[in-house]
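Engineer: Let the hints inform the model, and build the full structure from the sequences given.
Take the sequence shown: its letters are residues 4 to 173, numbered as in our numbering.
Some hints here could point you the wrong way.
[Stated by the list, open to error] List time: in silico DSS-like cross-link candidates among lysine-lysine, alpha-carbon distance up to 30 Å: (1) Lys-60 to Lys-80; (2) Lys-60 to Lys-142; (3) Lys-80 to Lys-93; (4) Lys-93 to Lys-60.
[Said to hold, decoys possible] Just the calculated beta-carbon pair ranges, DEER-fashion: (5) Thr-5 to Leu-68: 24 to 30 Å; (6) Lys-142 to Ser-120: 30 to 36 Å; (7) Asp-37 to Leu-68: 35 to 41 Å.
No lab work stands behind these hints: they were computed from the structure. Ideal Cβ placement from N, Cα and C applies to all residues, glycine included.
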Amino acid sequence: MTLHLTPTQLHQIQTQAERTYPEECCGLLLGQRDRSGNKLGNKQVCEIYETPNAWTKEATAELALQIPAAQIAQGAKADRYWIDPRDLLKAQRYCRDRGWTVLGIYHSHPDHHAVPSECDRVLAWAEYVYVIVSVQQGKAQDVRGWQLDSAHQFQPEELLITEMDLPGHK
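Structural biologist: So this is what it looks like as structure tokens:
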């Protein structure tokens, strides 16, 4: 239950989070699972795949049909993110060509802690790891990993930052 990132990858996420402040940034974690394929096992990020935050009024309206409005009401890019399904499909194809998979999603919490919100929990997929970056006053601070348990509640996921960048990883 460990997500392995390089210092370069962590820096890339933090830089994107600072660049998009005061809005949330988002993107995908592409890479490989341990050989057992166990979703709870070790995961190595091979590439950070930045995506634009596609949260719009239309996304709010679409999600309101599926999720109680109180959980997403008045959502804006400052406190919500959305990855366009076309970007996700493009990333999945990119992974397939390299023998990788989408391991998870990262996003930022401007002026909030690196802890999942209720909206994050409701929209989360159990097979993904979620990395959240707290950005306080435009500066990336805390970075934490999370994974849903069988009761659809977030539990901490260990993030291991390797000391050396691995060849072939971005």
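Engineer: None of the hints should be skipped; say for each whether it holds.
Structural biologist: We went through each hint and held it up to the structure:
no.	hint	result
1	Lys-60 to Lys-80	holds (10 Å)
2	Lys-60 to Lys-142	holds (27 Å)
3	Lys-80 to Lys-93	holds (22 Å)
4	Lys-93 to Lys-60	holds (23 Å)
5	Thr-5 to Leu-68: 24 to 30 Å	violated (37 Å)
6	Lys-142 to Ser-120: 30 to 36 Å	violated (21 Å)
7	Asp-37 to Leu-68: 35 to 41 Å	holds (38 Å)
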